[in-house]
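Undergrad: Here are the chains, one letter per residue:
Number of protein chains: 2
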Amino acid sequence: MSRRLLDRTWLALRLVLGCALLAACAQVPLRGTGDLGIVIERANGRVAIVDTTAKSVLGHIDGLGDLSHASVVYARDGRHAYVFGRDGGLTKVDILLQRIDKRVMQAGNSIGGAISQDGRLVVAQNYVPGGIKVFDAETLELLSEVPTESKVVGLADMPGQKFGYALFDKGEIWITDLTNPRVPVTQKYPAGLQPYDGLVTPDGRYYLAGLFGEDGIALFDSWHPEAGARKILENYGKGEEKLPVFKMPHLRGWAVAGRNAYLPAIGRHEVLLVDTASWRETGRIPVKGQPVFVMARPDGRQVWVNFAHPDNGWVQVIDTLKGEVVQTLQPGKAILHMEFTPRGEAVWLSARDDNAVSVYDTQSFTKLMTLPAQSPSGIFFTSRAARMGF
Amino acid sequence: MSRRLLDRTWLALRLVLGCALLAACAQVPLRGTGDLGIVIERANGRVAIVDTTAKSVLGHIDGLGDLSHASVVYARDGRHAYVFGRDGGLTKVDILLQRIDKRVMQAGNSIGGAISQDGRLVVAQNYVPGGIKVFDAETLELLSEVPTESKVVGLADMPGQKFGYALFDKGEIWITDLTNPRVPVTQKYPAGLQPYDGLVTPDGRYYLAGLFGEDGIALFDSWHPEAGARKILENYGKGEEKLPVFKMPHLRGWAVAGRNAYLPAIGRHEVLLVDTASWRETGRIPVKGQPVFVMARPDGRQVWVNFAHPDNGWVQVIDTLKGEVVQTLQPGKAILHMEFTPRGEAVWLSARDDNAVSVYDTQSFTKLMTLPAQSPSGIFFTSRAARMGF
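Here the protein sequences come in this chain order: R and A.
Everything in the first sequence is counted per the working numbering, starting at 1 for the first residue and increasing by one.
Everything in the second sequence is counted per the working numbering, starting at 1001 for the first residue and increasing by one.
No lab work stands behind these hints, which were simulated from the structure alone.
Hints may be right or wrong, so weigh each one.
[Stated by the list, open to error] EDC-like cross-link-like pairs, simulated, lysine to aspartate or glutamate; straight-line CA separation at most 20 angstroms:
hint, chain 1, residue 1, chain 2, residue 2
1, A, Lys1322, A, Glu1281
2, R, Lys55, A, Asp1136
3, A, Lys1322, R, Asp221
4, R, Lys288, R, Asp319
5, R, Lys322, A, Asp1203
6, A, Lys1367, R, Asp118
7, A, Lys1055, R, Asp319
8, R, Lys322, A, Asp1087
9, R, Lys55, A, Glu1281
10, A, Lys1322, R, Asp118
11, A, Lys1055, R, Asp136
12, A, Lys1102, A, Asp1136
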């Protein structure tokens, strides 16, 4: 072998080496995760990974099963997310590598889950067979279960490795302490007829359950567990007139802004204003349709509202200082969900029947971007990893 | 060259290739940034990169100049951070690659900075020559300046691309709108004698400036700019007795928990309780020394307090429901700063004279970890990227 041939061989190998390096590192996109998010594409069983700085779609992850009513929580690292499917599938995805990390079918029918304060436990709530299941967040190993003999709704994390949830068939709020994840310790509180959804306030203190079987809301103050759950807003519900309700509003869509909570009225074209100290209604703001999500911009100055069919092409913005609607938008067909960027300069909206996600500037109300998405529903940004009650 | 030799050469080259790939990708650690943070090592002009999940030090970045009184803000991506040094150095660091991305000397004497709501602008506040400077967050190109003919203190971001700050020598609060970053628009409000620090409330609504030249606090409500700044807490300060003050407490260390603010008393062994609706003092909680930082756990149930010399080896914890100190700790020598993990299960404390950072469980008060750090001061986690008023 001549010296010249050897030189050429070396050159070729260096080229191969260089290309291999490039290829290997191209598969590991080095980037932060603070400005990423997930959009559920419910029709395809896949999610889109989005970048809220570039306002772009980075890629997709397929094979997540039935994603109607799907929800997402994030690991502490902002890289891994847990997608809870309607079919009981719990999928851990890696949004940097854009692939499934682990997947288990954990129940027959499920409507969501939550992650513990320290990020080590993922908990799923189930309709069928009921109960909650506790998984190791790293491995998805099943650690324990709490059987309920009831559909479970409104699961949310609370400080101290606790989780709050409500039992539709038993009319109770349960608080489970998972400090020892293999030995759940549960406290049970009577709440009222048929709780259908629940939420934890942004500070992690109060658990509230909406009641389907009677008017009113059950409120549990975790700082005063000895007092149990009590009934507030006794007129909140369908009322004596038994209004036609096109869609029960999401409680999780309540806004807490400053000292007030903004609640979707049930069956009425109104947003209710509630004082969070007395938990009494202090006002009503007329809006264009039956509200579904009522969400506060992070600074609390605006509350954005979307609506049930047939008004689900509209979105209205309430100015909380003026106490009235200041903007009415038509972002697209069938607006299912809204998510604010972490500091609120923009809001992302899913327009299911337009197969699009729209991004609006919250100050000027101009549309900044439209992104393609197949039947988009829930939008979940990584900043949720740092928040309580999801 | 024999076939055998060629085979051996190939084998050697494949080994080289493999090692090169490993080495290249080892330099690009694929990971999320949601659980990362920076600890200022003031004596060495360097910062430590920390992981709050593993409770470990991942590495260091050197060459940041004078880091006494240094502070950090994060880009939207959670990967890049801006370190403001005392010597006027503004350094953009990459915490994944653990290296300096860009660095400019932007003033002679500086004490901090802030990042705009949309993450596109970084603003530095300067003692000498005074004024604020506006930089492109990507390139650190200087876009504009606002001269003040005064030392600037208490710079903080506000919604709508605005920044609030106070002028020590002029006794004013200025609010600068950087919607057009090359054409700053500034409103000026008389505030009182010698404002020495300022803060924005967590919702971005109120700007408060502490006064050195007189007792009281100047309060500006950005939702009512027409009202200007007004004086609150008229007894807050050194008072008629002219107490010896070992260290002016950081206003930025105020805690807002639920409806109350917790303020370090000046020169007194007390934490003041203030109602954030009336902005009136509603109580005082006795503590072990002159408080410096008074910081709320994210759920507002606890407020942690550190102290000026000679009590700076102690930390006390106030239970906000009980309104009293429930725990007294000795985490190390010269506790300079505290930072809660995003959801509050742990707190990190800098013990400067022990060259260590300690991590405590906030529920059990047990020490979870001690990490080495050279003269650590400020601790800044990436979750700050999603918050207002930093």
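Undergrad: Would you mind marking each hint as holding or not holding in the structure?
TA: Checked hints:
no. : hint                  : in the structure
1   : A:Lys1322 - A:Glu1281 : holds (17 angstroms)
2   : R:Lys55 - A:Asp1136   : holds (19 angstroms)
3   : A:Lys1322 - R:Asp221  : holds (15 angstroms)
4   : R:Lys288 - R:Asp319   : holds (15 angstroms)
5   : R:Lys322 - A:Asp1203  : holds (17 angstroms)
6   : A:Lys1367 - R:Asp118  : holds (15 angstroms)
7   : A:Lys1055 - R:Asp319  : violated (42 angstroms)
8   : R:Lys322 - A:Asp1087  : violated (45 angstroms)
9   : R:Lys55 - A:Glu1281   : violated (45 angstroms)
10  : A:Lys1322 - R:Asp118  : violated (25 angstroms)
11  : A:Lys1055 - R:Asp136  : holds (19 angstroms)
12  : A:Lys1102 - A:Asp1136 : holds (12 angstroms)
Violated hints for the displayed structure, listed by number in ascending order: 7, 8, 9 and 10.
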